[in-house]
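Residue numbers (this note's numbering), protein chains in the order written: chain A, 453 to 707; chain B, 453 to 707; chain C, 453 to 707; chain D, 453 to 707; chain E, 453 to 707; chain F, 453 to 707.
Hints are computed from structural coordinates only; laboratory data are not their basis.
One or more of the hints may lead you astray.
Identical chains share a label here; the pair holds if one copy fits it or two copies do between them.
To be verified - In the DSSO-like style, the derived pairs of lysine-lysine whose C-alpha atoms are separated by at most 30 Å in a straight line are:
| hint | residue 1 | residue 2 |
| --- | --- | --- |
| 1 | LYS677 | LYS703 |
| 2 | LYS457 | LYS703 |
| 3 | LYS703 | LYS459 |
In this text, all values refer to a predicted model and were calculated from it rather than measured experimentally.
6 protein chains.
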Amino acid sequence: MRPNKIKTAWEENRAAVNVFLSTPGSFTAEVMASLGWDGVTVDMQHGVNDYSDLVPMFQGMTRYDPAPMVRVSWNDPAIIMKSLDAGAYGVICPMINTADECEQFVGACRYAPRGYRSTGPIRAVFYAGSDYHDHADNTVLTFAMIETQEAVDNLDGICSVPGLNAVYIGPSDLSVSIGGGPGGDQRTSEVMERIDQTLEAAHRHGIKAGIHAMSAEYANEMVVKGFDLVTLSSDFRHMMGGANAMLAATKLTRD
Amino acid sequence: MRPNKIKTAWEENRAAVNVFLSTPGSFTAEVMASLGWDGVTVDMQHGVNDYSDLVPMFQGMTRYDPAPMVRVSWNDPAIIMKSLDAGAYGVICPMINTADECEQFVGACRYAPRGYRSTGPIRAVFYAGSDYHDHADNTVLTFAMIETQEAVDNLDGICSVPGLNAVYIGPSDLSVSIGGGPGGDQRTSEVMERIDQTLEAAHRHGIKAGIHAMSAEYANEMVVKGFDLVTLSSDFRHMMGGANAMLAATKLTRD
Amino acid sequence: MRPNKIKTAWEENRAAVNVFLSTPGSFTAEVMASLGWDGVTVDMQHGVNDYSDLVPMFQGMTRYDPAPMVRVSWNDPAIIMKSLDAGAYGVICPMINTADECEQFVGACRYAPRGYRSTGPIRAVFYAGSDYHDHADNTVLTFAMIETQEAVDNLDGICSVPGLNAVYIGPSDLSVSIGGGPGGDQRTSEVMERIDQTLEAAHRHGIKAGIHAMSAEYANEMVVKGFDLVTLSSDFRHMMGGANAMLAATKLTRD
Amino acid sequence: MRPNKIKTAWEENRAAVNVFLSTPGSFTAEVMASLGWDGVTVDMQHGVNDYSDLVPMFQGMTRYDPAPMVRVSWNDPAIIMKSLDAGAYGVICPMINTADECEQFVGACRYAPRGYRSTGPIRAVFYAGSDYHDHADNTVLTFAMIETQEAVDNLDGICSVPGLNAVYIGPSDLSVSIGGGPGGDQRTSEVMERIDQTLEAAHRHGIKAGIHAMSAEYANEMVVKGFDLVTLSSDFRHMMGGANAMLAATKLTRD
Amino acid sequence: MRPNKIKTAWEENRAAVNVFLSTPGSFTAEVMASLGWDGVTVDMQHGVNDYSDLVPMFQGMTRYDPAPMVRVSWNDPAIIMKSLDAGAYGVICPMINTADECEQFVGACRYAPRGYRSTGPIRAVFYAGSDYHDHADNTVLTFAMIETQEAVDNLDGICSVPGLNAVYIGPSDLSVSIGGGPGGDQRTSEVMERIDQTLEAAHRHGIKAGIHAMSAEYANEMVVKGFDLVTLSSDFRHMMGGANAMLAATKLTRD
Amino acid sequence: MRPNKIKTAWEENRAAVNVFLSTPGSFTAEVMASLGWDGVTVDMQHGVNDYSDLVPMFQGMTRYDPAPMVRVSWNDPAIIMKSLDAGAYGVICPMINTADECEQFVGACRYAPRGYRSTGPIRAVFYAGSDYHDHADNTVLTFAMIETQEAVDNLDGICSVPGLNAVYIGPSDLSVSIGGGPGGDQRTSEVMERIDQTLEAAHRHGIKAGIHAMSAEYANEMVVKGFDLVTLSSDFRHMMGGANAMLAATKLTRD
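Based on the sequences and whatever the hints tell you, model everything.
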């Protein structure tokens, strides 16, 4: 089975770097996959993507080596299993607030006896290889999103669920959940405290921790803190960033 | 009829700024249209776009004010007229090498008696207004691409075609045509000489001149030279630029 | 934030008029949006629409002022939140039979502390404005469908859920639920009685009431009764209506 | 081979009735096909349709009996042959101005020795039957659009092309071509004169004549004149007509 | 209402033959539907299909007589009801492990008072006829998948749910569930024993039993055992089978 | 630049084996590409494919090594150049009847000074590598279809066009062109004679010859004759072949 580059990064004892694809399109997926990430995540929650976009996007990434990942729209076995059958090597699940929710999520990602995933990895075998069934449970990574106070309160339970590989922090939702404002790269002490708690709990339970970043500065801080995976913003934000930079440097008047 | 922002720029005596959309998708079109360009051009020649992508992309731009433009795949009345019916306010036509080819192109963009465009602006009236037919010939801009030695040799004939609004230089093809290498922002003296000839001929015939740029530096030089429109690269190149910059600024090792 | 035209209608003390889009397609969405409705609702329950149709349809409506609305397929936070992120200004949720179901529905439409909606309004900010987060909870309208006897029995509980803006009656399902036949514009006394009960309960609890109509006559009766919103059939039924009328008026024989 | 209902209408000595589909979508195609037309024409010239829309639209029509027709975007063998392979039973070709253009058009619709159509009716055999090749040349109808003064001047040459089944008048383009305004149902004496000339020439050469109508009144007049086929407007115009009628009959104020 | 060919097969006292469509595409659906099956099932669980693929696929099948069926991705009323409104004549629901789950499934397929399906069969009436509502509950077949040990343990409860027409065995999941390996055509005594139990329970409760087969040999054995429906693999596996056979028979060297 | 497997086959002194994809869909393209062909050709002439299908289909093939090829709908530089920019390693062009037509075709496939292809290989560089421009003219194969008597008469002129790599025979059109019936694997002496002439002319001019086959028998005969490339039917025909074989082997009655 084709290896998971995020796992390779961890075996190399460095943080993995991930990016979100918020816009549908197999060509931009191919372009983005060529840039050197460890993971590229099709965002079906807040991104403008649906299942029918996922397969061509994963196919577009195939020539390159980042782990094809998905953030599902919700903790729903239907879309989790369909994403895995399409070849996802990792699933980020939003709004995991309790150990029960975490078990339902992780179970959908694992074959019996570890879970209740149905067999039929229709495209996964073409991407991963014919030995997919034997290695899938060990290759596919599960990320539970910690983004509410309730989730922070239940960290020990969530992190104890067998088969969970990592937690993943959404700073914007976490901030809103505790009465702050939305937006990325939250630095209030209230948010920072919960980020630290989450990181500590994950490592104490022997699992990894990832976090969403909107800037290299925030990502770098999080790597220094000990995070194992950072997501560097998303495709359309990079497009806006590149375009705005060139626009600002162009002078259209001749006087 | 809704005004054409590129014409407005020219009335304000400044160069217009344009960008290419090379990737299909109405969401990225909406995002890009929000950034302040004078024109946004769906590239159906070298971009990964077809007619069925065009309409939703134009709809995505509708809330913002850049002129919706198209680069057609070839000098073919079918796709030119379909693009105009979809609401294009400008057409960039590749590989116009002779006055005859230019007449065929411009004629497809104009209603009788100025040309042979067929009536039926199905979506254009919803975008532009119900007075579309009366003002279309004066609002829709025609750009003939000058990108071969043959075209340079025929500049006077091409620039004399009634109804042609501008020439548009593709530096990469122009370079290859005269024995140079491909790529943007060509600065060899052979290419520069032909760029100057083209600009001079256009202005002498009372029409405008546009050029493709891959960097703000090149665009600025061309504005200083007197170009009336510069295109600042394209959506997916901006995406790569933004992503590469953030990747380079991120440090994944903790030593 | 761009205003919600349905709320404006209510502030002007008149009934709002809505229409359903049952067929996918951004062009027909643009055409329909141009006709003067207060709301235009993409029907993802019984319409032939899925999430991937929704975004271009909303983009097609953008130039015009009706509130972009959605009827979701079911009371499921995944599709409710994705629709809101796409720019929906109102959500009609089918089959709300209990106060608990209503709370789950309304909570998915509101940010903390009013609900559990996740932040990330990817397209909504381009449509509504960058102040979206601050005003979304007050601008987005929530409609709970009352279409079973169980729902009628639970009207007080349903109408008491904080954040619910309106009930919405589906006369066909309501009729079937109590042993009648399907179809629009139900006028049996059994259905009428429940319509009156629902309208009365809504107004008593200080919320609005809407209803589906298949004819202007039924809509007019409901406005007179006091309904605050009427839906006038749907896109493809209007197409059939217009086509059948012209067909009937055409005489193909020459004798 | 499944029969062509337009030919059946002509054998029954009545005018055939046709409608245009301007908007993509297989569901609306199925709905429209159910209403009783003799032909339903996917408009790829001014409609928002491309080849990739055509096949599902034709499939949607399959259960009903109208002849599946196409108006191609231009006199181009590629799209004509692809439409026929998709199962088109008739092709309306715009802007046929000379006998040579007509020969090129008709030749693309006929197998050798009558024309140069390439064999490979991939979907047509599933729709029409396995004896498709033997009967296609006699079943597929060819309509040359007469919509310029040049075409009127060349009527005898055009109508003499072997294999041409009918002319088809576009009154809006015909009007613009001779200096009038655009729009359907043209009644100026200048246009009427050319309509009469065209009808007379067609019948004198033993072929049929069709015309586009925007109202039943105009269609009825044309049937009385002797036209053999009338098109009654298009899908989205029927949608607007039906919606506007219901909107106008609805009263939203309660005073 | 158009009859259900699977029911017809059963009335003729023979096993029905079904096939899965795992790949999206209305043309392959039309091709497959032409081959003589009793049912053709769009697989939205392990197939690469989503709802937006379903409608054109069903339209593609319309000319032919197999019952249009669907395997839904999960026991979710949203997708079950949308599939039925699209014209599904049968629903195969995965992972039915308890009587409660079975009731939720069957209820979503039946109108009140037999279930809680919402009225609005938008495309179904065009496929099935205007009397759809009256006959739908008797025409639409419900298949509960038995594919875990838990389901086998609960066979009596599951088979007793009113409105359930059949069980359907997935041998691969059933094998994995009891500690075996994945793959079709399982013949271990452990699996065979549960297949026999399931068949016996279904027939004892007066309902039918279907099973998935990857080869004609396995299908024939199951028909002999008494199964009422066999599925013969899927579209893309037949494509691979046909292609591999021809490749193997071709000799590319000339020595 | 990634090598062209068809050229590799020829360097290994064996015939290359190709297959046509007639149905759109990136998943079936991936599946087919995995089976071991030297080339996989997206058929945009008689197949149900358009440009917007091409890019995801090519992406689907990327993981495997067959040369991604295209048969264009017609000898049109727009679609030829767009296909090449999408990554096509070979172009089969229908209906090349004269040397002039052949020059127009080959010129569209080659950069200056060998042809007039416009630079901008947007996706090709991601598939082939960043040195694409330097090697494209030597890697991309051009196949001119010989399928009329006129083409046979002009074989010497056609085969002499610099840059043409091969002729490709379409036996069905060739047969129809000389008064025979349609269909694959033509064996009449009239067709065989022209096949031999074509093969002889190609080899005499130092170029290759390919032919379409519907069976392994015909392909084997053609390899023995000396053909350098055989196409083994197409995706949907393999699907029908596989399905019909399994259906025929299944016995549904129990008597």
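Tested hints:
Taking identical chains as interchangeable, the C-alpha atoms of LYS677 and LYS703 lie at most 30 Å apart only when they sit on different chains, with a minimum of 12 Å there against 42 Å within one chain. For the identical chains of this complex, LYS457 and LYS703 are inter-copy neighbours only, at 17 Å across copies versus 43 Å inside a copy, given an alpha-carbon limit of 30 Å. Proximity of LYS703 to LYS459 under the C-alpha cut-off of 30 Å is restricted to the inter-copy arrangement: shortest distance 18 Å between copies versus 46 Å within a copy.
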